[in-house]
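Residue numbers (my numbering), protein chains in the order written: chain A, 14 to 245; chain B, 1074 to 1232; chain C, 4 to 336; chain D, 2 to 563.
In short, the hints are calculated from the structure, not lab data.
A hint or two may mislead.
Listed below are the simulated DMTMM-like cross-link pairs for lysine to aspartate or glutamate, each with C-alpha atoms no more than 25 Å apart in a straight line [claimed, not checked]:
| hint | chain 1 | residue 1 | chain 2 | residue 2 |
| --- | --- | --- | --- | --- |
| 1 | D | K559 | C | D320 |
| 2 | C | K49 | D | D24 |
| 3 | D | K125 | A | E50 |
| 4 | D | K560 | C | E57 |
| 5 | C | K128 | C | E263 |
| 6 | C | K49 | D | D550 |
| 7 | D | K560 | D | E542 |
| 8 | A | K131 | A | E165 |
| 9 | D | K125 | A | E140 |
| 10 | D | K498 | D | E359 |
| 11 | D | K501 | D | E359 |
| 12 | D | K125 | A | E211 |
| 13 | D | K75 | C | E263 |
| 14 | D | K125 | B | D1152 |
| 15 | D | K498 | D | E552 |
| 16 | A | K111 | B | E1091 |
| 17 | A | K138 | A | E158 |
| 18 | D | K560 | D | D550 |
| 19 | D | K75 | C | D211 |
| 20 | B | K1151 | B | E1091 |
| 21 | C | K295 | C | E277 |
| 22 | A | K138 | A | E165 |
| 23 | D | K498 | D | D24 |
| 24 | A | K209 | B | E1091 |
| 25 | D | K505 | D | E542 |
| 26 | A | K111 | A | D80 |
| 27 | A | K209 | A | E165 |
| 28 | B | K1151 | A | E165 |
| 29 | A | K111 | A | D245 |
| 30 | D | K501 | D | D550 |
| 31 | D | K505 | D | E544 |
| 32 | D | K75 | C | E259 |
| 33 | D | K501 | D | E562 |
| 34 | A | K138 | A | D80 |
| 35 | C | K49 | D | E431 |
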Amino acid sequence: MSTEAHGDSHFLQHHYDTPAQQFNAAKLGMWLFLAQELLFFGGLFVAYGVFRSWYPQAWVVGSHLLDYRMGALNTAVLLLSSFTAVMAVRSAQTGNQKATGNFLLATIALAGVFMVVKYFEYAHKFEVGFLPGSHFAPHGVGLAEIVEAARESGVNGVPYHLRTFFGLYFVMTGVHGLHVLIGMFVMGWMWNRNRKGEFSTRYSTPVEMTALYWHLVDIIWIFLFPLLYLID
Amino acid sequence: MTTEPLASHSPSSPDDGEVHHHVASARRHVIVLLALLGFTALTVGAYTINLGEWNLVAAVVISTLKAALVVWFFMELKDDVAFNRLVFLGAVIFIGLFMAYTMNDTRHRNRVDAYNGARVDPRSGEFAGGTAAGIVAQGGELGPLPVIAAESDGEAAHE
Amino acid sequence: MNQFSQLPPQMSTFAPDVDWMYLFLFWLSVASFVAIVAVMVYFVFKYRRRPGVEAVPTGHGNTALELAWTFLPLIVLAFLFHEGFRVYVQESVPPENTVDIHVTGKQWSWEFTHSNGITETNEAKIPVHTPVRLIMSSSDVLHSFFVPDFRIKRDVVPGMYTTLWFEATALSTPERPVRVFCAEYCGALQGSTNGNDRNTNHSTMMADLHIIPQEEYATFLREGGGPPAECADAVDVNVCWGQYIYAHNGCSACHEINGEAGGHGPNWMGVFGEEIALEGGGSVTADDAYIKRSILDPSADVVSGFGNIMPPYRLRDQEIDAVIAFMRSLNAQ
Amino acid sequence: MTVEAEAEAAIPADPHHIPEGADYITHEHGLKSWLTTVDHKRIGVMYLISILLAFFAGGVFALILRTELLTPGKTIMEADTYNEMFTLHGAIMVFLFIIPSIPAALGNFFLPIMIGAKDVAFPKLNLASLYIYWIGAIFTLIAIVAGHIDTGWTFYTPYSMRGDNSAVWMTIGVFILGFSSILTGLNFIATVHKMRSPGMHWRRLPLFIWGIYATAVIQVLATPVLAITLLLLATEKIVGIGIFDPALGGDPVLFQHFFWFYSHPAVYIMILPGMAIVSEVIACFSRRKVFGYMFIAMSSVALALLGFLVWGHHMFVSGQSEYATMVFSALTFLVAIPSGVKIFNWLATLYQGSISLESPMLYSLAFIALFTIGGLTGLFLGTLSTDIHLHDTYFVVAHFHYVMVGGTVFGFLSGLHYWWPKITGRLYDERWARVAFVLVFIGFNVTFFSQFILGSRGMPRRYYSYLDQFQPLHMTSSGGAYIIGVGFVVMAIMFAKSLKSGAKAGRNPWGSAGYEWPHPHNFAEQPVFTRGPYDYHLATERELFTGTDEEWDAHMAKKGEA
């Protein structure tokens, strides 16, 4: 119990002895949280694997109905945001308050770009009736797109389970999108705390934990992109 | 570690109770970012040249490499304690288990008995009860390609 | 032995193997349990706390002992797995040339369709000493086809086929048919008031298997089924047969025949030939054609005031005629 | 104002500081001080009250069920009401009582104390977990009030796709409860890793902590799969995404894989903490270090990990592939090994001990006997040929009640009696505690042993009505349930009297060498552990003294005179 450490370390909570202990506990806690996040998304990937192996034609045609250029753009955007997030952490660790704030803002902005692109993708699918499961009712341009996609992927007909593909597409990207939104919110909060000068070279834990979370969101997308958009 | 020169170690003693970060250089982060973007381009490239069966393998392998880069460098598992690595690895292993065992079932449901688990009764060609009426109506997994003539109606109805 | 273990009668070729395993496990368990509890009670008594007697410190344990009781049980467990799996494989792989019967589970009845196209509901004729394969599916929720006397069970799943096979080893009597239970929970009608009757909920979703001689089954396949034996002396065979179907095929779960209100379906008394209002407007005359349609495709014209809850019933034309005759006879009362 | 005083004022008051002469219950007053506390002991007590309420509700449903089953056909209610009752009994007992019971209530209270920490690693998160638990419970209540939830606690599709939306409320409730469980587990793992005092190395960790730690691993790794399962289920029900519903091309058997990937490991979330308590209690009442300490600790970890590999044994007759069935059956038998290791080591601990039979020990010895039955009947269900006959019958019902009630609940009661003086500062009437024990023990065996016989005779589970031939056994079972009910009423009165007028407990009424006993609350100063938690031959006379502080002073004075 080092009371002198408490004296000038307002960030140190009372049940910890040292800043290092507090940091290590926080980091372990965060990794455990990320582990549960992985398992959470893992369930979706298992469902994906099962139905992809059962209905390969639906998956190929469904994939051709997604615009891989938009997906690739979003991948690049998220990778870039991961970079700005890691730079925010670096700035916080080296005590550069201004750079920390700017990098956090850049990350939020890139996340925003991701969501805007996502919005356009969703809007189009809603428009032409590529809806999940029981609501799947393509019409107009959508029908033409299906004919085109079926021809491209060499499938002779409309796979019944396209609706399942879009069911999973919306759940997987939707749950991921929700995580992006939560990430934007948390980073905004961090930006505010940074503005108030709560972080220093001795204490930048919250920024680091937020960045860890953000990288995980990025990793999920790294897998979602080829699995959904790039199937031949 | 070959990447050691890129990182600068904090010189102070490790047991003074303070947090000692391995602050990595900005240069390393840029290199990792470029590698990630490169891999993305590679994935898209592999998609445009058709690899057939190997497409899935290529996609998953490249994605895993990308994820590994993020985890190892951006999330700094490289410099983290062994237990945190174990936590991450454990989560991945358990997802693998979940997937392996579930698909062990879903891919083998009709091995012992041709009828067992078959979605269509092979003798009568009849769909099992309780399936989507739509599948039955369409006479199988594949429905006919839609008639494009309906397009103009659909558009009109929508605008 | 069997009365001690409380197992049901052995009516299939699998039963002796399963029971042998059951009894082996039973005595293994009894022996293990008695040994463990005896040691525990003995220690508790022998080393009970007494003044002046201290516990002996544990020391560092005994690795050899630990390894022994970690790995020795594996031998027994491997044997259990092997024996259980051996019988399971037999149960999973039907022989060639089985007699096939299609089974459909639905809330809350079992339909058996024989190879001659005849469908029996909640009862089925089964030839003795013959491998029979059931090809099963469900038209609504999960059910499970469970025959304790045969020691077999398999879920009946909508959207896919599952199979079971067995060979019955003895004839059944009319008083004690081989009973089929539903072992996978499948619910009850909300607000149900007659939960004590057959085929109104999960716990009453039963069927009777009548194990008959092979020649009798062959005759049945060739010539088809007629009215039940109990209707042979009836004044009007068709009315009697219709009443039999009403009682045995699950109609009575929802349809009353006393002319009073209540029940989940329209009351049958006095309905035949009447003009009835339909759900969603319009009306129809309850004639032969309408009754037939509402048995085969109940969702087509639902009577006003009732939900679209009736599953389709696969009855043959003669059976439908019998049901209509029965309904007509109710008007006369 | 002096500089020192200014510095003092700048530091927020230490929420963990308890002034001399007060205890964690009395040092602050008022509802607000409880609802905003971050003290793990208070949070543990609030969990304890919450789970006991849930246990009461679940128990009432159980008695209603057993009353209905006194006769075939209608006894007191209709079939659909019965279906709702067993759904609520299962869901409340599993999600609101048994999963949070030992870890969240007793674990919260004792884990930090036993490792010499001031609190868990994340106290605010700990309080948040409690609130999340309450919110989940509220959603569950809404489901009960809003309508008709009759799917069984397993929510199997496509049955759960039908009916009204109360199933969605229930799903959301359980989804939220899952996060409470995850966050608690996460908190405990971080606490065990990062908050141990000097000298508390892994080979000294009390076995209770090992059990809670292994449980926490499952909570973190398995519960998120339940969360995604329920999310998919709710989405399927509201939007119809077509994953589990065969009417849309989905697969109902896939739902069972998803569900049991969580719910089988969850069985170990339930039983491991019970085993952990038994290890503590047996050591204390035998005055002896647990035999094969490391083997017991590692068997907990082994159970936690093996628990993930065997979920398919819930699906032997579901229509899954024979290949999967074979693998799952083989792996299932492996679970018997660590369970057996624990039982053998507990017996070996009794050998050459100094055994006394107070109520906590009675519950723990009963645990060993009942868990043995539960485990051995598990062999019937792991063996494929017998499982085909026994699956989905009362045999299964009896088996899991022997494990969950004979195991976990008896373990929980053992711990509750054992630590009651520590939590409340008061003693209870041992004679009445034993009367309650005898009633619960006898009632339990009457209730559930008859169900083994019912099951082997072919009585399926979840049956509202049954054939006449089963009636004598059903009546016996119901009679046993009433005896259990009486036993719990006696116990409740006994504990209430203890709270109201029980004698003041000493620091260590059982004379245990465990770390949690010799100090009034948490350790006043950070301790340095120099002996193991079961080293009776190394503990000081003061540490093992069973009386109050005043009695100790008198004792020392007498010694001085002599």
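Hey, D:K501 versus D:E562, does the alpha-carbon distance stay inside 25 Å?
Given that 25 Å is the threshold and the Cα spacing comes to 37 Å, the pair is violated.
Assess, step by step, whether the Cα of D:K560 is no farther than 25 Å from the Cα of D:E542, and give holds or violated.
Given pair D:K560, D:E542 holds - Cα atoms ~12 Å apart, limit 25 Å.
Take a quick look at whether A:K209 and B:E1091 sit within 25 Å of each other, Cα to Cα.
Distance of about 22 Å is within 25 Å: holds.
Agreement of A:K111 and B:E1091 with the hint, judged by alpha carbon distance not exceeding 25 Å
holds (24 Å)
Verify the proposed pairing of D:K125 with A:E50, using a straight-line Cα cut of 25 Å.
The hint holds at about 20 Å.
Under the criterion that the straight-line Cα-Cα distance not exceed 25 Å, is the pair A:K138, A:D80 satisfied?
Given pair A:K138, A:D80 holds - Cα atoms ~11 Å apart, limit 25 Å.
Is the straight-line distance between the alpha-carbon of D:K501 and that of D:D550 25 Å or less?
It holds: about 21 Å lies between the C-alpha atoms, which stays within 25 Å.
Is the Cα-Cα distance between D:K505 and D:E542 25 Å or less?
With Cα atoms ~20 Å apart, D:K505 and D:E542 stay inside 25 Å; holds.
Can you confirm whether the C-alpha distance between A:K111 and A:D80 stays at or below 25 Å?
Given pair A:K111, A:D80 is violated - Cα atoms ~38 Å apart, limit 25 Å.
Given the hinted pair C:K49 and D:D24, is their alpha-carbon gap at most 25 Å?
violated (41 Å)
Does D:K125 pair with A:E140 here, judged by a C-alpha cut-off of 25 Å?
Not satisfied, since the Cα-Cα distance of roughly 45 Å exceeds 25 Å.
Under the criterion that the straight-line Cα-Cα distance not exceed 25 Å, is the pair A:K209, A:E165 satisfied?
Status violated; Cα separation ~55 Å.
Checked against the numbered hints above, the structure breaks hints 1, 2, 5, 6, 9, 14, 26, 27, 28, 29 and 33 and satisfies the rest.
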